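**Student:** With these hints in hand, go ahead and build the complete structure from the sequences.
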Amino acid sequence: MVYFVQGILGLARLAVSFFLKDELHLSPAEVSALMGIAALPWMVKPLFGFISDGLPILGYRRRPYLILSGLLGTAAWIMMATVVHTAWAATLAIALSSLSVAVSDVIVDSLVVERARSESVRDAGSLQSLTWGASAIGGLVTAYFSGLLLQHFTSQVVFEITATFPLIVSLMAGLIVEARVTESYNWSAIKLQVKQLRGAITQKSIWMPTAFLFLWQATPTADSAFFFFSTNELGFQPEFLGRIRLVTSVAALLGIWVFQRFLKAVPFRVIFGWSTVISAALGMTTLLLVTHTNRAIGIDDQWFSLGDSLILTVMGQIAFMPVLVLAARLCPPGVEATLFALLMSIYNLAGFLSYESGALLMHWLGVDETNFTNLWIVVVITNLTTLLPLPLIRWLPGADEAQDNGVLPEASISILETELVTAEKELVTEL
Numbered sequence: 044m045v046y047f048v049q050g051i052l053g054l055a056r057l058a059v060s061f062f063l064k065d066e067l068h069l070s071p072a073e074v075s076a077l078m079g080i081a082a083l084p085w086m087v088k089p090l091f092g093f094i095s096d097g098l099p100i101l102g103y104r105r106r107p108y109l110i111l112s113g114l115l116g117t118a119a120w121i122m123m124a125t126v127v128h129t130a131w132a133a134t135l136a137i138a139l140s141s142l143s144v145a146v147s148d149v150i151v152d153s154l155v156v157e158r159a160r161s162e163s164v165r166d167a168g169s170l171q172s173l174t175w176g177a178s179a180i181g182g183l184v185t186a187y188f189s190g191l192l193l194q195h196f197t198s199q200v201v202f203e204i205t206a207t208f209p210l211i212v213s214l215m216a217g218l219i220v221e222a223r224v225t226e227s228y229n230w231s232a233i234k235l236q237v238k239q240l241r242g243a244i245t246q247k248s249i250w251m252p253t254a255f256l257f258l259w260q261a262t263p264t265a266d267s268a269f270f271f272f273s274t275n276e277l278g279f280q281p282e283f284l285g286r287i288r289l290v291t292s293v294a295a296l297l298g299i300w301v302f303q304r305f306l307k308a309v310p311f312r313v314i315f316g317w318s319t320v321i322s323a324a325l326g327m328t329t330l331l332l333v334t335h336t337n338r339a340i341g342i343d344d345q346w347f348s349l350g351d352s353l354i355l356t357v358m359g360q361i362a363f364m365p366v367l368v369l370a371a372r373l374c375p376p377g378v379e380a381t382l383f384a385l386l387m388s389i390y391n392l393a394g395f396l397s398y399e400s401g402a403l404l405m406h407w408l409g410v411d412e413t414n415f416t417n418l419w420i421v422v423v424i425t426n427l428t429t430l431l432p433l434p435l436i437r438w439l440p441g442a443d444e445a446q447d448n449g450v451l452p453e454a455s456i457s458i459l460e461t462e463l464v465t466a467e468k469e470l471v472t473e474l
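For the sequence shown, the working numbering assigns the number 44 to the initial residue and increments by one for each residue that follows.
Simulated from the structure, these hints should not be mistaken for laboratory data.
All the pointers check out, no bait thrown in.
Taking lysine to any residue and the SDA-like style, the derived pairs with C-alpha atoms no more than 20 Å apart in a straight line are:
#, residue 1, residue 2
1, K64, L403
2, K234, T245
3, K64, G409
4, K64, N275
5, K247, P310
6, K64, T129
Only a predicted model underlies this, so the values are computations on that prediction, with no experimental measurement involved.
**Tutor:** Shown next as structure tokens:
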């Protein structure tokens with residue numbers, strides 16, 4: 044149920060974008076910079092795990108933190124609906140909402156990991172599929188309705204509706220059965236975990252692939268500029284943007300299915316190389332929309348956007364799935380969950396740099412809420428820069444190395460499956 048509620052939190056995503064654009068009158072570069080800052084809590088997820096594991100509240104490690112995170116999320120969305128009238132206030136409120144989701148995500152994932160340890164691999168896989176499926180359903184439910192609600196109500200009303208969902212998380216926390224602990228802080232366990240992590244991340248076989256993934260993700264993005272172009276230049280309404288979100292959510296699931304069905308045995312270097320090149324080439328099709336060439340060849344803006352979003356999302360998901368698999372296989376037994384969270388935090392840090400570098404790029408080229416003359420240059424640069432890490436592709440494990448790294452004990456496989464499903468869930472929620 045908590046995973047389903049987390050998926051529903053995407054209901055306000057479009058409302059946030061329109062609020063920043065139309066009511067706070069921010070430029071694409073400012074929105075990109077703001078969203079990068081608001082994502083900072085996702086970069087320190089391992090810290091939340093350390094705190095929850097080692098610092099119980101009233102003798103409980105999970106339930107109080109889940110209650111507090113829900114209350115924090117409700118407060119953040121109420122702020123957005125009532126007192127937020129400046130860019131700095133919006134940054135704070137959105138960051139608090141992001142913190143709420145990140146903390147609750149860590150807590151619920153830890154509960155799933157604990158259940159997975161006590162069950163067979165088969166039962167654990169069913170549990171993880173259920174949690175990911177619940178989040179995916181929540182994301183699909185809100186994908187279209189996020190635009191439909193905004194078509195008929197103000198952003199503030201959507202924020203008020205969204206504020207009820209974190210409160211449900213707090214109420215659901217009361218149903219969690221959790222054993223009370225007696226120790227106040229387990230320093231020895233923390234020291235051992237830090238020592239294991241230090242030993243893991245200093246291994247060449249771990250830090251080199253991690254560095255490659257960081258460089259691959261840190262290239263600039265033009266998402267904010269394209270949102271402004273879609274609404275101000277093409278005149279797309281919230282209801283239609285909700286349709287696009289629905290299409291991209293379904294396309295993400297399709298990409299996962301294609302990878303699992305046909306590509307999961309392909310070596311990392313091969314699938315990363317080809318998916319990156321193909322994605323960059325397909326990304327250039329956006330130039331047809333930016334330059335209005337699609338109209339010259341008789342393709343409507345809306346139909347072109349739907350088709351383009353479908354194809355690009357499927358390819359993007361296929362390219363992202365090896366990241367999750369590789370991150371899972373890099374984790375040695377004993378520190379699987381924590382090291383995986385650390386690797387994904389590094390990946391999220393690269394995403395922060397992607398937003399901020401995209402903001403600088405848009406600022407330098409003069410792309411704002413009304414001037415899209417140089418948007419085609421932004422599109423070209425953001426697509427070509429994704430190819431820059433390819434000369435370092437040998438930093439990824441080869442076919443033999445990947446196979447060796449993939450041999451793990453059953454208990455480790457169970458936990459890694461949990462973390463892999465968690466990362467997939469986060470992606471669908473984001474979409």
